[in-house]
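Engineer: Listed below, chain by chain, are the residues.
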Amino acid sequence: MKREKYASKIGRPQHLPSNMVTCFYLTLFIFSLHSGNIMLDSSDPFVRFKNVQKSYDGETLVVKDLNLDIAAGEFVTMLGPSGSGKTTCLMMLAGFETATHGDIELGGRPINNIPPHKRGIGMVFQNYALFPHLTVAENLAFPLKVRKMSAAEVEDKVAKVLDMVQMRAFGDRKPAQLSGGQQQRIALARALVFEPDLVLMDEPLGALDKQLREHMQYEIKHIHESLGVTVVYVTHDQSEALTMSNRIAVFNDGVVQQLADPVTLYEKPENAFVAQFIGENNRLLGTVKDVTKGIASVELDNGDMVKALAINVGGKGERSLLSVRPERCIVTPKKSRGLTALNGRIEELIYLGDHIRCRMNVAGDDDFIVKVPNTSSQLGLVIGAEVYVGWETSDCRALDYLY
Amino acid sequence: MPNVVEPITAADGTPLKKKLARALFRSKLRAAGLVLPLFAFIIATFVVPIFALMLQGVHNDTFYTYMPRTAEVLNDWDGESLPGELVFATLAAELAKGKKERTVGKVATRVNRQYSGARSTFTKTARKAVKMEAPFKEAILKADKKWKRVEFWQAIKLTSETWTPAFYGAALDYELKLNEGFERKVEKERIHVKLFWRTLVISAVVMGCCLLLGYPVAYLLATLPLKTSNLLMILVLLPFWTSLLVRTTAWIAILQSQGVVNDILVWVGVTSDDSRFSLIYNMTGTVVAMTHILLPFMVLPLYSVMKTIPPAYVRAARSLGATPTLAFLRIYLPQTVPGIGAGGLLVFILAIGYYITPALVGGQSGVLISNMIAFHMKSSLNWSLAAALGGILLAGVLLLYWAYDRVVGIDNVKLG
Numbered sequence: 083m084k085r086e087k088y089a090s091k092i093g094r095p096q097h098l099p100s101n102m103v104t105c106f107y108l109t110l111f112i113f114s115l116h117s118g119n120i121m122l123d124s125s126d127p128f129v130r131f132k133n134v135q136k137s138y139d140g141e142t143l144v145v146k147d148l149n150l151d152i153a154a155g156e157f158v159t160m161l162g163p164s165g166s167g168k169t170t171c172l173m174m175l176a177g178f179e180t181a182t183h184g185d186i187e188l189g190g191r192p193i194n195n196i197p198p199h200k201r202g203i204g205m206v207f208q209n210y211a212l213f214p215h216l217t218v219a220e221n222l223a224f225p226l227k228v229r230k231m232s233a234a235e236v237e238d239k240v241a242k243v244l245d246m247v248q249m250r251a252f253g254d255r256k257p258a259q260l261s262g263g264q265q266q267r268i269a270l271a272r273a274l275v276f277e278p279d280l281v282l283m284d285e286p287l288g289a290l291d292k293q294l295r296e297h298m299q300y301e302i303k304h305i306h307e308s309l310g311v312t313v314v315y316v317t318h319d320q321s322e323a324l325t326m327s328n329r330i331a332v333f334n335d336g337v338v339q340q341l342a343d344p345v346t347l348y349e350k351p352e353n354a355f356v357a358q359f360i361g362e363n364n365r366l367l368g369t370v371k372d373v374t375k376g377i378a379s380v381e382l383d384n385g386d387m388v389k390a391l392a393i394n395v396g397g398k399g400e401r402s403l404l405s406v407r408p409e410r411c412i413v414t415p416k417k418s419r420g421l422t423a424l425n426g427r428i429e430e431l432i433y434l435g436d437h438i439r440c441r442m443n444v445a446g447d448d449d450f451i452v453k454v455p456n457t458s459s460q461l462g463l464v465i466g467a468e469v470y471v472g473w474e475t476s477d478c479r480a481l482d483y484l485y
Numbered sequence: 045m046p047n048v049v050e051p052i053t054a055a056d057g058t059p060l061k062k063k064l065a066r067a068l069f070r071s072k073l074r075a076a077g078l079v080l081p082l083f084a085f086i087i088a089t090f091v092v093p094i095f096a097l098m099l100q101g102v103h104n105d106t107f108y109t110y111m112p113r114t115a116e117v118l119n120d121w122d123g124e125s126l127p128g129e130l131v132f133a134t135l136a137a138e139l140a141k142g143k144k145e146r147t148v149g150k151v152a153t154r155v156n157r158q159y160s161g162a163r164s165t166f167t168k169t170a171r172k173a174v175k176m177e178a179p180f181k182e183a184i185l186k187a188d189k190k191w192k193r194v195e196f197w198q199a200i201k202l203t204s205e206t207w208t209p210a211f212y213g214a215a216l217d218y219e220l221k222l223n224e225g226f227e228r229k230v231e232k233e234r235i236h237v238k239l240f241w242r243t244l245v246i247s248a249v250v251m252g253c254c255l256l257l258g259y260p261v262a263y264l265l266a267t268l269p270l271k272t273s274n275l276l277m278i279l280v281l282l283p284f285w286t287s288l289l290v291r292t293t294a295w296i297a298i299l300q301s302q303g304v305v306n307d308i309l310v311w312v313g314v315t316s317d318d319s320r321f322s323l324i325y326n327m328t329g330t331v332v333a334m335t336h337i338l339l340p341f342m343v344l345p346l347y348s349v350m351k352t353i354p355p356a357y358v359r360a361a362r363s364l365g366a367t368p369t370l371a372f373l374r375i376y377l378p379q380t381v382p383g384i385g386a387g388g389l390l391v392f393i394l395a396i397g398y399y400i401t402p403a404l405v406g407g408q409s410g411v412l413i414s415n416m417i418a419f420h421m422k423s424s425l426n427w428s429l430a431a432a433l434g435g436i437l438l439a440g441v442l443l444l445y446w447a448y449d450r451v452v453g454i455d456n457v458k459l460g
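Residue numbers (our numbering), protein chains in the order written: chain A, 83 to 485; chain B, 45 to 460.
For the record, the hints were derived by calculation from the structure and aren't laboratory data.
Hints are supplied without guarantee of correctness; some may be wrong.
[Said to hold, decoys possible] Each computed DSBU-like pair below joins lysine-lysine, with the alpha-carbon atoms no more than 30 Å apart: (1) A:K146 x B:K271; (2) B:K181 x A:K227; (3) B:K141 x B:K181.
Remember, predicted model here, so these are calculated numbers, not experimental data.
Using the sequences and the hints given, assemble the complete structure.
Structural biologist: Given below as structure tokens:
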């Protein structure tokens, strides 16, 4: 297998760390810790799930035929509602659950029969799982000591990783004496201190408050970018997934619904579940009347005809769900040329500063949302007004009928 | 102007502290009222009897009660040679009185504990004392030849003293001698210290066995799915619902030489019919039966501690590169120490004072100090010695408790 040195990257400018000290220490850390780390050629998948199935009770499949390739250095998020099988996949990769069927490969090697402690995978657990009877420094030294490193080396690496998460002064504390955010940093540091090539994270930010969670998202993203480790991240929080990931695997019902980068996932959802799950979405239900040149003509349930991109529809006469993003709609007093336009009545207006959230009744659906930008020309909206709501045909996607 | 801090006052002008104390007094009174019945019950049935019994260990006034004047005149005796006529005259008078009032037997028994054979001397002399005339010394010396021995008189003087360390000495196999102090008993009479040691060793062995057997069970209970673990829990608790006697006699049926275990061993051919193992009425029987009976006291504290340890810790250790053994030793085991401490302490303290089981299955080599205490309480009626033995046992338990607190810390004990 062809291997090459991994060149470390510094965080992208649009996501500068919230404080520059982090950036400085991160850079220090990369050069001292990971300068000699070898990574796989990105053309070979580093992690591969091949036809993986998992059942706990022998009656139902929690994971149904999972195929997933993850390249070295990638940040892949498994996103889905609870019970969708994403955590089970992570546990199979970590070695705490065995696949009922199929192969899991790591670096080209099947690892189905390798016990967890020989896989060399770092893991951050949901509630951190910091050992309560050991101090922070002892927690961080644990993976190094079981690898029989010399005391000097252990001390050196622990000090460096403590610097990385800016917790130098906390080495002698017990985990119970730390705040949630501090525990989270230590858990992250512990998963990284033995320099694994793959780090798994099981909803690591779930217990933090919103502000800290967002801050930690950026920090994890930057650590990933600077260390070049492969990260597999599990969450049910879509904004978390969109913020950090290179690619996102949307899980539902044991199946990967769509695997794509954040932009594609949001802009071009391939099925109704993904459209509904990622971001806010307006749905209109109807029946396909005609499909020509990738454009579907759909008759809505109130009789209106709408044109939409035929992404995931059956033939003529099949039911379909049309998806339009709220920020792609405009509200106009009269029909605009070139746009699909439907009658609508304004039900509710919520002023949110940068935009106005306008809930409308469109085609019999009471829950049609339009995000109206806060510009002076749009401020004539009143509740109960009969208006037109319009969008480009290319912004409306005809998808499978989910309900 | 000096900066004087005015006491904060309530709305009606009284100082706030006073007001608060008055308000709290009511609730404190009510709280005290609620626990008062139990407090009184414990004082009456536990604290007072224990102190009364402990007192018996150093205080015995049998002799003084029935022969007070003899005791007084003996006080002035030097203990070197035979006492003078005054002592003999007083003794004769009080022996005669004791004979009439039928109290001489009690005195005789008391002296007999200090000097064996004294009982017959006392009763015989008392019979004759009724008709004795002066000089009493001659008459008494004629009545029994033991009165000629200085050691006999020394023993009497020792028993006439109401406060005495003699019983604690006896409990540790030492004999008290007048004018000489404590002297270690001859080898074949040293039984108590041996019994104390045996009690400690058996308790430690039982505790160890309980830990070895109970730890895996508690682990299973804590980790299996609820449905299975509930069933297991019933099996663990089942012995609690059966009478102690039934359980102990069941072990007799199983372990005796014609019992189930030996029958199977003979049938399999491990041993021949005429050389069956003696598994009961010795130390083995005591250890086996006590381990069985005390096992739940180890399992339950362990279980309650293990229940609170999420599986994520061991998983984290494994993902960090620890082998299953290392993850257990370094991560899981240290977190169960409070349970081990609680279970161990509970089992050990229960075992150290265990009575019924060793009495039934212990035979000669399997009895514990508690059986000796019971013997002195019920058969020999030497309550003072029983109290001394009990006092030493109590002191030993408290000492262990203290040592445990120093080493592990009593805050580290979790009973559930």
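Engineer: So if I understand the rule, the pair passes when the alpha-carbon distance is 30 Å or less; does K146 (chain A) with K271 (chain B) pass?
Structural biologist: holds (28 Å)
Engineer: Is the Cα-Cα distance between K181 (chain B) and K227 (chain A) 30 Å or less?
Structural biologist: Given pair K181 (chain B), K227 (chain A) is violated - Cα atoms ~88 Å apart, limit 30 Å.
Engineer: Hint check: K141 (chain B) vs K181 (chain B), CA-CA at most 30 Å. Holds or violated?
Structural biologist: Holds: K141 (chain B) and K181 (chain B) sit about 17 Å apart, inside 30 Å.
Of the numbered hints listed earlier, the single one contradicted by the structure is hint 2.
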